[in-house]
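There are 2 protein chains.
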Amino acid sequence: MRPIASGSLRMAIELSWRTARSVALLGATLMATVAASTGAVAQALKDIRTPDTPLVLESRGSFFVGGDVVQQSFVELGSKVPADQITVNQMYVEYMIPATGKGIPVVMIHGSTLSGKTYDTTPDGRMGWYEYFVRRGHPVYVPDQVGRGRSGFNQAIFNNVAQGIVPPAQQPRLTRLADRVGVWKNMRFGPNYPETYPNERFPVEAIAELSKQDIPDFNLAVPTPNPTFKALSDLAIQVKGAVLLGHSQSGAFPMQAALVNPAAIKGFLLIEPGNCGTYTPEQIAILARIPALVVFGDHTDAPTGIESLPFLWRDALASCKAFIAQINAAHGNASLLSPAELGPGNSHMIMQDKNNLEVADRMLDWLDRNVKAKK
Amino acid sequence: MRPIASGSLRMAIELSWRTARSVALLGATLMATVAASTGAVAQALKDIRTPDTPLVLESRGSFFVGGDVVQQSFVELGSKVPADQITVNQMYVEYMIPATGKGIPVVMIHGSTLSGKTYDTTPDGRMGWYEYFVRRGHPVYVPDQVGRGRSGFNQAIFNNVAQGIVPPAQQPRLTRLADRVGVWKNMRFGPNYPETYPNERFPVEAIAELSKQDIPDFNLAVPTPNPTFKALSDLAIQVKGAVLLGHSQSGAFPMQAALVNPAAIKGFLLIEPGNCGTYTPEQIAILARIPALVVFGDHTDAPTGIESLPFLWRDALASCKAFIAQINAAHGNASLLSPAELGPGNSHMIMQDKNNLEVADRMLDWLDRNVKAKK
Numbered sequence: 039m040r041p042i043a044s045g046s047l048r049m050a051i052e053l054s055w056r057t058a059r060s061v062a063l064l065g066a067t068l069m070a071t072v073a074a075s076t077g078a079v080a081q082a083l084k085d086i087r088t089p090d091t092p093l094v095l096e097s098r099g100s101f102f103v104g105g106d107v108v109q110q111s112f113v114e115l116g117s118k119v120p121a122d123q124i125t126v127n128q129m130y131v132e133y134m135i136p137a138t139g140k141g142i143p144v145v146m147i148h149g150s151t152l153s154g155k156t157y158d159t160t161p162d163g164r165m166g167w168y169e170y171f172v173r174r175g176h177p178v179y180v181p182d183q184v185g186r187g188r189s190g191f192n193q194a195i196f197n198n199v200a201q202g203i204v205p206p207a208q209q210p211r212l213t214r215l216a217d218r219v220g221v222w223k224n225m226r227f228g229p230n231y232p233e234t235y236p237n238e239r240f241p242v243e244a245i246a247e248l249s250k251q252d253i254p255d256f257n258l259a260v261p262t263p264n265p266t267f268k269a270l271s272d273l274a275i276q277v278k279g280a281v282l283l284g285h286s287q288s289g290a291f292p293m294q295a296a297l298v299n300p301a302a303i304k305g306f307l308l309i310e311p312g313n314c315g316t317y318t319p320e321q322i323a324i325l326a327r328i329p330a331l332v333v334f335g336d337h338t339d340a341p342t343g344i345e346s347l348p349f350l351w352r353d354a355l356a357s358c359k360a361f362i363a364q365i366n367a368a369h370g371n372a373s374l375l376s377p378a379e380l381g382p383g384n385s386h387m388i389m390q391d392k393n394n395l396e397v398a399d400r401m402l403d404w405l406d407r408n409v410k411a412k413k
Numbered sequence: 039m040r041p042i043a044s045g046s047l048r049m050a051i052e053l054s055w056r057t058a059r060s061v062a063l064l065g066a067t068l069m070a071t072v073a074a075s076t077g078a079v080a081q082a083l084k085d086i087r088t089p090d091t092p093l094v095l096e097s098r099g100s101f102f103v104g105g106d107v108v109q110q111s112f113v114e115l116g117s118k119v120p121a122d123q124i125t126v127n128q129m130y131v132e133y134m135i136p137a138t139g140k141g142i143p144v145v146m147i148h149g150s151t152l153s154g155k156t157y158d159t160t161p162d163g164r165m166g167w168y169e170y171f172v173r174r175g176h177p178v179y180v181p182d183q184v185g186r187g188r189s190g191f192n193q194a195i196f197n198n199v200a201q202g203i204v205p206p207a208q209q210p211r212l213t214r215l216a217d218r219v220g221v222w223k224n225m226r227f228g229p230n231y232p233e234t235y236p237n238e239r240f241p242v243e244a245i246a247e248l249s250k251q252d253i254p255d256f257n258l259a260v261p262t263p264n265p266t267f268k269a270l271s272d273l274a275i276q277v278k279g280a281v282l283l284g285h286s287q288s289g290a291f292p293m294q295a296a297l298v299n300p301a302a303i304k305g306f307l308l309i310e311p312g313n314c315g316t317y318t319p320e321q322i323a324i325l326a327r328i329p330a331l332v333v334f335g336d337h338t339d340a341p342t343g344i345e346s347l348p349f350l351w352r353d354a355l356a357s358c359k360a361f362i363a364q365i366n367a368a369h370g371n372a373s374l375l376s377p378a379e380l381g382p383g384n385s386h387m388i389m390q391d392k393n394n395l396e397v398a399d400r401m402l403d404w405l406d407r408n409v410k411a412k413k
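Protein sequence lines, in the order shown, are assigned to chains A and B. First residue of the first sequence? That's 39 in the numbering used here, and the numbers climb one at a time after it. First residue of the second sequence? That's 39 in the numbering used here, and the numbers climb one at a time after it.
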């Protein structure tokens, strides 16, 4: 049972935001005066809306899962400290546990070129899924993938290249998405920058704030298999059972984690996976024991503008439909929350779209019906 | 006025931890069983102590300050998306605002090779300064420096080097501290790994968890002046007045931010700055208008084991004493919270030492006496 009825909490939050709007407008005027006198003030903080009700947490904090201790040379460590050991491949996790509610823990993993920030305050200042799921009674754990954000990465090869010890061609590329094609077109805000789709749900006026979430992606530099898979499986064990939520690049990470050890993984929430993956019959038998909900937005047939992946989302949706069919053929429980159910216009960044909390409500209802809580 | 008496809250938290210890021991037994059956479970989460009282927040979230939009080539973006614009030099900030209390906002900036994680849950699972200051009625803002963690960095030169467009020798070194010299000896846990100082305050049994906080440092790659300086000054303006707390590498960042624009900077908390900096008389006149507390731990005369900085902390303390004298000579208000006042054994990582909340209480008392709250 949830502690608070879904619709009423969402409505309270939204009403509070409407009330806050007039206050924010006054604040904006004041800030404009400050800006004029100082030259440059960023736009983000004043646009963040304060919820109507306080957030009451039993606890919150951060920790790491996994990590390998390795010995590195003076050069590999950056030519400052002597040869010594460091830790690499650890996964940073932040979390909040609500004071009330007995929901199952949810782990939210971000996608390519992004960090755990994905699930926090949206680019236009609304509440993200991280806090919303906590307010709905779920402990929520938000990692940075190994190689990204506060998890760090193994810098050895970069320093060896700079020192002439390793040829530059061996240095892994660091990928970015960039604003107009990699984000705008590929994430389906519109057919081409700056055109938007009719009824587009992403807050496109705040694209500059989304651009700030984009950071270099080291996935071509992390070991194989990606240490994040085992870290997610270990995290689920540590919290004594969790639903794993993946997005885009990490859309199939929940399945990869379950193939390391499925024991503590109680559900899959798969938000626009880049690909749901292909599995052997033995692997499908393992995965079919875990309920799965796949969520896709609108305009998946549109071209991405990325040469190597021209119809990424059309192909991704097809791969996920095939995955759902395989799971269900093995007597599993997999389903698709489709664009038609959500109404038109959801982008690839569903957790930041204007109806993000409505979509969250659908996912929370699915959890209630399909995934047993811890106690 | 503070909402809760300092000593009593700290005592309540500490008592709660003692009570939690027996529960934790039971938990540890259960986890050991799980670990035996799965092969490898990280040690961190089960060691985190749950506070006795819930944390009640008016709001929390994250946003970015600053950022420059730049055009980059196909190669610079990682050879995946076409030439396009991205944002670099933005500063990620997470924050919590307590539901009660009218304390002045505090911005906590981390040091070299670390991230905002510095001020959160300690390596041995105790509460960090981030949450403690919030529980004592202060809104707290925790950035990642530009070039670190969720702030990201400009990857263009790395991809240009990999592609053979820029010579490898031009690629900036990425520095790490490493466990035995850069951390153990240099951060003054003991004279040489694994010896500890008598009465050492750092929880050395948890050094593996501190090692996981250490990530590659891009400070040799960020522009000059470091964009974090202006971002901190802008952040103080956005929150309408803040105390800036720096540590180690960022120990002089609060002064650098004030030299960009001192208007909204209401105090300096300088935790073991690597150097307090040298300033012109005109600059000292600006800085002397802002109250400053410098905090140093013990064993500052010990050698660091780092060749280029053999007596870093002895020299750092000397530079900060000179800074304090200059500020006071200019009719300012600067003082030193010294090792003798704290009792022996504090390390360079004071915010994670076993008496971290006692030290926080001293700093909070200083804020009460020396810095006017917002309202």
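Worth double-checking, as some hints may not be accurate.
Derived pair list, reagent style DSS-like, types lysine-lysine, alpha-carbon separation capped at 25 Å [stated by the list, open to error]: (1) B:K84 to A:K84; (2) A:K84 to B:K392; (3) B:K392 to B:K84; (4) B:K84 to A:K410; (5) A:K392 to A:K84; (6) A:K410 to A:K140.
Please keep in mind that the hints were generated in silico from the structure rather than gathered at the bench.
Status of each hint after checking the structure:
The hinted pair formed by B:K84 and A:K84 fails the criterion: a straight-line CA distance of about 38 Å is larger than 25 Å. The suggested pairing of A:K84 with B:K392 is violated, with an alpha-carbon distance near 37 Å, which exceeds 25 Å. Annotation: proposed proximity of B:K392 to B:K84 holds, straight-line Cα distance about 18 Å (limit 25 Å). A C-alpha spacing of about 23 Å is found between B:K84 and A:K410, which places the hinted pair at or below 25 Å, so the restraint holds.
Using a Cα cut-off of 25 Å, the hinted pair A:K392 and A:K84 holds, with the two alpha carbons roughly 18 Å apart. Under the criterion of a C-alpha separation no larger than 25 Å, the hint pairing A:K410 with A:K140 is consistent with the structure, at around 11 Å.
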